[in-house]
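Work the whole structure out from these sequences, hints included.
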Amino acid sequence: MAKILIPTPLRQYAEKNNSVEVSGSTVGEALANLTTQFPDLRKNLYNDEGKLRSFVNVYVNDEDIRYLQKDATAIADGDTISIVPSIAGGRS
Amino acid sequence: MLTQEEISRYSRHLIMPEVGVAGQEKLKAAKVLLIGTGGLGAPVAMYLAAAGVGTIGLVDFDVVDVSNLQRQVIHGTKDIGKKKIDSAEETMRDINPLIKIIKHEVALSSANALEILKDYDIIADGTDNFPTRFLINDACVLLNKPNVYASIFRFEGQATIFAAEGGPCYRCLYPEPPPPGLVPSCAEGGVLGILPGVVGLLQATEVVKLILGAGEPLIGRLLLYDALAMKFRELKLRKNPECLCATGQVKLIDYEQFCGIPKQPEPPPMSAEISPKEVKALIDAKENFVLIDVREPHEFQIGRIPTSTLIPLGDLPKKVAELDPSAHYVLHCKMGGRSAKGCDVLRQAGFKNVRNMTGGISAWSDQVDPSVPKY
Numbered sequence: 069m070a071k072i073l074i075p076t077p078l079r080q081y082a083e084k085n086n087s088v089e090v091s092g093s094t095v096g097e098a099l100a101n102l103t104t105q106f107p108d109l110r111k112n113l114y115n116d117e118g119k120l121r122s123f124v125n126v127y128v129n130d131e132d133i134r135y136l137q138k139d140a141t142a143i144a145d146g147d148t149i150s151i152v153p154s155i156a157g158g159r160s
Numbered sequence: 000m001l002t003q004e005e006i007s008r009y010s011r012h013l014i015m016p017e018v019g020v021a022g023q024e025k026l027k028a029a030k031v032l033l034i035g036t037g038g039l040g041a042p043v044a045m046y047l048a049a050a051g052v053g054t055i056g057l058v059d060f061d062v063v064d065v066s067n068l069q070r071q072v073i074h075g076t077k078d079i080g081k082k083k084i085d086s087a088e089e090t091m092r093d094i095n096p097l098i099k100i101i102k103h104e105v106a107l108s109s110a111n112a113l114e115i116l117k118d119y120d121i122i123a124d125g126t127d128n129f130p131t132r133f134l135i136n137d138a139c140v141l142l143n144k145p146n147v148y149a150s151i152f153r154f155e156g157q158a159t160i161f162a163a164e165g166g167p168c169y170r171c172l173y174p175e176p177p178p179p180g181l182v183p184s185c186a187e188g189g190v191l192g193i194l195p196g197v198v199g200l201l202q203a204t205e206v207v208k209l210i211l212g213a214g215e216p217l218i219g220r221l222l223l224y225d226a227l228a229m230k231f232r233e234l235k236l237r238k239n240p241e242c243l244c245a246t247g248q249v250k251l252i253d254y255e256q257f258c259g260i261p262k263q264p265e266p267p268p269m270s271a272e273i274s275p276k277e278v279k280a281l282i283d284a285k286e287n288f289v290l291i292d293v294r295e296p297h298e299f300q301i302g303r304i305p306t307s308t309l310i311p312l313g314d315l316p317k318k319v320a321e322l323d324p325s326a327h328y329v330l331h332c333k334m335g336g337r338s339a340k341g342c343d344v345l346r347q348a349g350f351k352n353v354r355n356m357t358g359g360i361s362a363w364s365d366q367v368d369p370s371v372p373k374y
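First to last, the sequence lines map onto chains A and B.
For what it's worth, the working numbering labels the leading residue of the first sequence as 69, then goes sequentially.
For what it's worth, the working numbering labels the leading residue of the second sequence as 0, then goes sequentially.
Don't read these hints as lab results, they were simulated from the structure.
Nothing false has been slipped in among the hints.
Subject to a maximum C-alpha distance of 25 Å in a straight line, what follows is the list of computed DMTMM-like cross-link-like pairs (lysine to aspartate or glutamate):
#  : chain 1 : residue 1 : chain 2 : residue 2
1  : B       : 99        : B       : 88
2  : A       : 84        : B       : 225
3  : B       : 279       : B       : 368
4  : B       : 317       : A       : 108
5  : B       : 235       : B       : 225
6  : A       : 111       : B       : 175
7  : B       : 235       : A       : 97
8  : A       : 138       : B       : 241
9  : A       : 84        : B       : 233
10 : B       : 102       : B       : 114
11 : A       : 111       : B       : 314
12 : B       : 208       : A       : 130
13 : B       : 279       : B       : 298
14 : B       : 318       : A       : 108
15 : B       : 230       : A       : 130
16 : B       : 340       : A       : 108
17 : A       : 84        : A       : 97
18 : A       : 111       : B       : 343
19 : B       : 351       : A       : 108
20 : B       : 235       : A       : 145
21 : A       : 119       : B       : 241
22 : B       : 77        : B       : 61
23 : B       : 230       : A       : 145
24 : B       : 230       : A       : 89
25 : B       : 117       : B       : 88
26 : A       : 84        : B       : 298
27 : B       : 144       : B       : 104
28 : A       : 111       : B       : 255
29 : B       : 340       : B       : 277
30 : A       : 71        : A       : 139
31 : B       : 27        : B       : 215
32 : B       : 235       : A       : 147
33 : B       : 238       : A       : 130
34 : A       : 119       : B       : 255
Simulated restraints, written as ranges between beta carbons of each label pair:
#  : chain 1 : residue 1 : chain 2 : residue 2 : range
35 : B       : 179       : A       : 148       : 28 to 34 Å
36 : A       : 130       : B       : 64        : 35 to 41 Å
37 : B       : 238       : A       : 116       : 27 to 33 Å
38 : B       : 323       : A       : 104       : 26 to 32 Å
Every residue, glycine too, gets a C-beta built ideally from N, C-alpha and C.
Below is the structure:
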């Protein structure tokens, strides 16, 4: 099981969970299991072509999966997957 | 050269070998531009002024509102209605009259960004919207200036340094902004008042370190801060070889359009909107309609319209099945943004008679019932 950390803006689509334990041997499988469990997350994570949205990055531990094997990046028990969306707040 | 007055004022810096006279002189010679004098800009401006950063530029065009004071500690109650840059300048001058403050009372745009940024050594981005953040990034890439970046949402913050020599830029991390509607803004999502204090001072720390050339700058690392968990985490940021900054294709563009924000927001069809006064008339006439409040439960507690039913926007898709598609619905939120999305959800589910209350409960308070608090 790997742990997926859900960022604040997306928690409303994941029944307010801040982290979810999921199974899967790759990042793609883990995220698929996550979005099966919480279908509302899907449109916030993936575009209409099923690709990860470009304002959302996914990390395994501290490494961006774009520089690993993307969706095919292998995960092991105890790994932490972080979903990191861009946030803009600060001035107003 | 430090004056006697400066030596006295900065003595706690001067007796530290990591700063010393040489470091304080670097601070004095430094020119830092703070974009935004709000939640993040407030602590950054106050501490950089106190630390003796010789020239501090401020960019803002907003005025101080009472709802800012929960976190923008550079402004006080006496400043409500004043221009933020004037109020910020006043506080900074009180903290340290020895520094130079340059005020840019403009909205940063593709037309003026390069001209404003070019005279500074370091830029600190404390803005609150995606178009300006991409603009600042691109201008910093073009001018080869480090962008000390921070952003906040509710009780989470992010900080890093973009566009430093050899380091990644904002586009390396996020090539594109989120389409409008997918990520809530701070005004809709809220922010814990203390959060920008912590995150802004991370930003100020990195500015001072860059000036001094001390320590390990936050380049190539994204620092994530979660105030509720009280945890800091660090992720690796890499320069993306396919990024515009690596291929030399950065140029300033129309950022509003880039972020999917229409130039002239298209007015929704008249039938899609209803004013608070018209809603009041429906209620008074005991018309048969369902008033749905799509805000969050904690907002509902602040104030509500008596006949409304609470279904937070995030829950609406799941609740659609329980609603009668043939009934007449009016949706509202705080300002009208989220409820417009809620109307779309219902319409996509085949509901025909769905209207959005223009201006949300804020307009209700203005136009119908001032006893409902605005927030």
